[in-house]
Structure formats: C-alpha cells, structure tokens
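Q: Here are the chains, one letter per residue:
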Amino acid sequence: MIPLVRVDNRLLHGQVLEAWMPVLKATEVVVADDDAAGSPLARAAMTLCVPCETPARILRMAAVDFAALAASPAVVLVLVRDVAGLVEATTRGLTPARAPRVNLGNIHFAMGRRPVTPSVFLTAEELEALEALAAAGFTVEAQAIPTDPPYGLDELKRRYAAAR
Amino acid sequence: MTIRFRTRAHVFWRCLFLQAAWNRRGMQNLGFAYAIEPALDALYADPARREEALARHLGFFNCHPYMTAAILGGAIHHEELVAAGEEPGAAPLSYKATLQGPLAAVGDGFFWTALRPFFGAMAALGALVAGWPAVVAAVLSYNLVHFGLRALLFRAGYRQGDAVVGLIARLALPRLADRLRAAGVALCGAAAAAVALRAGGVADGSEAAAVLVVATAAGAGYVALSRGAPLFPATYLVALLGTIVAAVTGWDGRF
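One line per chain: the protein sequences are R and W, in this order. First residue of the first sequence: 1, per this note's numbering; consecutive thereafter. First residue of the second sequence: 1, per this note's numbering; consecutive thereafter.
No wet-lab data here; the hints were simulated from the structure. Treat the numbers as computed from the prediction; the structure is a model and nothing was measured. Each residue gets a CB set at the ideal place from its N, CA and C atoms; glycine is no exception. Mixed in with the good hints, there may be bad ones.
[Claimed, not checked] Taking beta-carbon pairs under 10 Å as the criterion, some of the chain R residues facing chain W (in silico):
1) 9
2) 18
3) 24
4) 44
5) 50
6) 51
7) 72
8) 75
9) 108
10) 109
11) 124
12) 128
13) 132
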C-alpha cells in the first residue's frame, strides 16, 4: 500500500526518516525522481542516510509501478521533488484509489512563489494543479511533520490569496 | 587555481556561524554564502564573476551544521573547477542540493540523537561523582569529537568532492549512533543510581531489597520497550504506578 505521497524539494532527509516513517509505519521508501535516479552522487548519498533495514529505491518516474506498489503488502512512502513531479506521477499510474493522501512537505521559496505554510511556497499554476488533483479525488494537505497541524487545500488557497 | 590553506581555514571558521542569519525563505543560505565568500574572493578576480558566484550561493540551503563542513569543502572543490572553466556554474549548486538532505539526516541521527545525549549523560554522572570539572571535561570531549569530524569532513570534501560520500559511508555513523545511544542509556541508569545513593534513599541494611526492586523494574521496562511498548506512555504508567504504591502503603521513598 501507499499511505502517503510526499512532495519535498529535499526528497529524503531527517523529517522524512525520523518523523514520517515511524508514524506511517512505513517499511519502504521509493524516491520517484529522474534527476536523483540519474545521479550516482544522489543515489549514494540517499542510500547512506536510510537505515539498513529499510529498503530505499531511487527510480526514474517512468520506472515506478504505482499499481504494484499499491497492491504490495509493504507500506511504501513515495517521495517526489515538486508539484510538477506529482502531476507527472498521475500521468504514470498514480490514482486516488492507489494512494489517496498527498502531502506537501517542503517546497522552497523562489521568486514568484508565495508562502502558504512556513515550509511551502507555491505558484498560482501549482495551486491550480493541486486543485485539479483534489477534484480527481486526492486528499491534498500541507504538513511538514506529523506533529504540525495539517492544512487542507481550501486553507492553502485562502493563505495564498492573503500572501504577497 | 587552488585555494590556499589560510583561506580554507577562514571558510572553516566562518562555517561556525552558519545559522546566525537563519531565515524561513533561505534557511542557512546567508550563512553558507558568508562562509564560502573568502574562497570565492580568492577564485574570482573579476568583480562581475565574483558577484555572480556569491549570488548563486544565496539560494536555499539547509543541512546539519556540522555535516555542512563536508558540503562547504565540496562546494569549494567544485568552485575551483568552475573558475578553471572545467565545470558549469550549476555544478556546485547541484552538489549542495543533492547532499544537504541526506547529510542532514545522518547528522541529526548521529550528533543530535546520539553523541550529544551520550556526553550529556556522561556530564550528569561525572558531576555527581566528581563534581563540576567532569562537566567541563564532558563538554571538551564532545567538542573534540565534533571539531575533529568537522575538520575531517571539510578536508575530505575539499580534496575528494563527490567521493566524500564514500568516506562518510565508511565512518558508519548510524551504527556508531546505535551504540552511543545504548551507552548513553546505561550512563543515565548509573546517574540515577548515584542520585539515589547520594540522597540517602537507601537505608542501611536494606540494600539487597533496593537492588532487587530496581533490577526488577529495569528488567520489566527493558522487556516492555524491546517488545515495542511506546516510550512516553510506558514512562507515565510507571510513574503513576509508583505514586499509587507510595500513596497506598505510605512508603516514603526509602528502602
């Protein structure tokens, strides 16, 4: 099963390994990212930080079989780098039936982005894309770590409109 | 060209202030740019190129402050190649972006949840047994390990670039962290025993009973936690049981 698909610019890091994995009781991590999968440095570094008992796979988006992950008895946390990666995943087999929960973890600031939570900065296009995903049946929430309050899409839209 | 040792030492020094300008948007970006600035000044004589180089290091950055030494060393390694025209300006950035997450996870696990609690427990026990000099000794020992690893990582990052990951893998920090955590817990137990003895909590002649009660409680706690009992609820449950026993039997906490 896939309990959570997380959007995180930093992909695998402390928040994911120390906070989310235990709460989700995840037994496996799949990083779905073309850049990371194509970089020996990224693969070596990510393998380094994952406990040896947790299998971590760093795959190109096209190589991720969402149907198989959803059907597998393993509890798999899927990581994508950004909202574009999330949208691409939905064109490659990610459906609400296979993975209902989408989590926005860390999306860093850049010019033209507005803060919707302390760790998530969105563009108007990304907000639209997320609305489309919610309309398709995904639950979209922004939450950096499990002890933070989750912010639903309506709250994110309100905060986006209020932010400058 | 290569950066002189003196300049690298300057960068290392400035890295100690990595979090001084921490902010929500860029997190440690200002600290990183400030730290690497002496190296960029040495590499780029042309002011326009220097400005461009400094500007690219103002992007988002966040990592464990000690592990950042490896990334800072590696970023200088890549900047030397950029200055020599052997790499595009994006190379140091991709190095930083790739390593910051994984090294943060390694550093959090090793330094914050293992090494620091271990030396904290050692300081507590030492203070009870030998007084305040033990606290100073514990702080010095901690920083000996801390600065030793920082210097090692900075040097390896500078010399080896991407291969620093192999060195960090060989250090096997997660395995070392497990052992330090276990040793830290044992030190906490010893500190608790030292507190009980110093407070006169054990009356003469009933040491055997005290040892038996403590050993039984410790054994039951170990079994419960190793079978997956959650730490905090278990702790509160034990505290509650102890309070009830004391209230019912009128026990004053002495054996």
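Q: Taking the hints in turn, state whether each one holds.
A: How the hints compare with the structure:
no.: 1; hint: 9; verdict: holds (8 Å)
no.: 2; hint: 18; verdict: holds (7 Å)
no.: 3; hint: 24; verdict: violated (16 Å)
no.: 4; hint: 44; verdict: holds (5 Å)
no.: 5; hint: 50; verdict: holds (8 Å)
no.: 6; hint: 51; verdict: holds (6 Å)
no.: 7; hint: 72; verdict: violated (23 Å)
no.: 8; hint: 75; verdict: violated (16 Å)
no.: 9; hint: 108; verdict: holds (4 Å)
no.: 10; hint: 109; verdict: holds (4 Å)
no.: 11; hint: 124; verdict: violated (18 Å)
no.: 12; hint: 128; verdict: violated (23 Å)
no.: 13; hint: 132; verdict: violated (27 Å)
In summary, the numbered hints that this structure violates are 3, 7, 8, 11, 12 and 13.
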